[in-house]
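Residue numbers (my numbering), protein chains in the order written: chain A, 935 to 1217; chain B, 2 to 206.
Think of the hints as simulated: they come from the structure by calculation, not from any bench. Since we're looking at a predicted model, the values are computed, not measured. Be aware that a few hints might be false.
Taking lysine to aspartate or glutamate pairs in the EDC-like style, the calculated list, with each CA pair at most 16 Å apart, reads [what the hints assert, rightly or not]:
id	chain 1	residue 1	chain 2	residue 2
1	A	Lys1047	A	Glu1035
2	A	Lys1128	A	Asp1087
3	A	Lys974	B	Asp61
4	B	Lys158	A	Glu968
5	A	Lys1046	A	Glu1035
6	A	Lys1047	A	Asp1099
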Amino acid sequence: MWQRFLSLDPRIIYGLLIVAILIPFFTNMSVPVEVMPLTKQAFDVIQSLPAGAKVVISYDYGFGTQPEHDPILVALLGHLARRDAKVYAMASVADGPMLAEGTLRTYESLGKKYGTDMVNLGFFAGGEAGLAALCKDVRSVYRTDLRGTRLDDIPMMKDVKTISDFALIISANSGPTGGALVDVWIRQTVVPYKSKLLIGLSAIMIPQAMPYIQSKQVVGLVGGLRGGAEYEMLAGSPGDATRAMGAQSSTHFLVLTLILLGNIGSWITRRGKSIERGAEHVD
Amino acid sequence: MATRISRAVLLVAGLGVTLDFFLKFPPLNTAISTIMAWIPLIVSFSVIIGGINVVLIHKDNIAKKKREWLYSLVLLAFFAITLFVGLTQGVSSETYNVLYYRILVVCGNSLSGILAFFIASSAFRAFRANNLEAALLLVAGAAVMLGQVPFGVLLWKGFPALSDWIMNYPNLAAQRGILIASGVGFMAVSLRLIFGYSKIQGSSE
């Protein structure tokens, strides 16, 4: 029986996974979300921003991780709107500007105006070298925003010259997609300009970012869909991330159960074989 | 000759940018700022070269009716449509938004979503505690996973604390080791390139 289970048809696993994803949506399953210290730390950083603070949001992810990053950014933008922050969107990944257009609509829906409260500067080419140039002189990389307006004609760009003019940098990062990684932001902004860096990461990237959290080079981390749900809880506005927690829990439960059963089956099969071999040896 | 010029450019640019980081010397700082401003421009040219390359490769696939040439045709058709709409109507136009959000993003999200099914299936087959190392990996992975998802707390309240401990001590120690080693390696490779001890790609020397 265990032998058959161990060579289970992958299509059965796919089917089970679909059921596990769908159940929470049809049963309105809700799971308790406990806020982790790192998310609280990120929340406090934004809470402490003065009104009118200039905040960079860098879209360093592609649409592959959009379902994970968008809820994080929507939650952060909601909080930034309450703090009356001015948001400067930029991207080190070519997909970034369009993804920024999508989430900036949230900011617009909260009564913020394009050009005075938010601007989408678009993509900067060159990864780390491009970022280094941008930090020294924003206008050396950007002449216009994504919509083609000259930077000098955008009111909120008036006092912006270097990266030091921003109170906070938020990098929504999905890792090696050709853009600026977390360590690149640290090398080019935190170390030379003493900038404050907050990161929103896909869950798989969290372990790699831990050294920078402990060294305090990163002031806050919102990690994965779970981090987004925690942030929504702190902000008091449950959204997409909170709704997805049920499906995330049920699928993780299914995967862990399969791994556990797979190990039990593997152990029983190995034991059976060694007993058989022992019996043959005695004969 | 070409290689010598490349090496000279590399030496001057590499040393210049390195010294600019440590020294406050206005002539040097200004010169390096100008060089840095060229970088996005130079890199932007690679996007054009990439585009031309895509067209040439897929044009060849279609002309020679190579295997899966229909995909090449679809790619070139959408390449042309997106380029045309982007150049004539701008990237903020309604048509461009439809192309991007209703086709590209949806396809990208679907492809990433399919990964979850493969991961579930391969986790079931590969995560076997066949030896001590595999058992440690399995236990640590399961503990971190249970600490990160809400239902883990329902099973045992200690999972988040255990997950934090694994992330903050064993994981941190290993990550730091990797970071320091790769940092030193990166410096060594950079110095070798700047001082001409490594072969420049494409050179005959």
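Hint by hint, here is what the structure shows:
Taking the CA atoms of A/Lys1047 and A/Glu1035, the gap is near 13 Å; set against the 16 Å cutoff, the hint holds. Simply put, A/Lys1128 and A/Asp1087 have alpha-carbon atoms about 29 Å apart, too far for the 16 Å limit, and the pair is violated. The straight-line distance between the Cα atoms of A/Lys974 and B/Asp61 is roughly 55 Å, outside the 16 Å bound, and the hint therefore fails. The suggested pairing of B/Lys158 with A/Glu968 holds, with an alpha-carbon distance near 11 Å, which does not exceed 16 Å.
The straight-line distance between the Cα atoms of A/Lys1046 and A/Glu1035 is roughly 14 Å, inside the 16 Å bound, and the hint therefore holds. With a C-alpha separation of about 21 Å, the suggested pair A/Lys1047 and A/Asp1099 falls outside the 16 Å cut-off, and the hint is violated.
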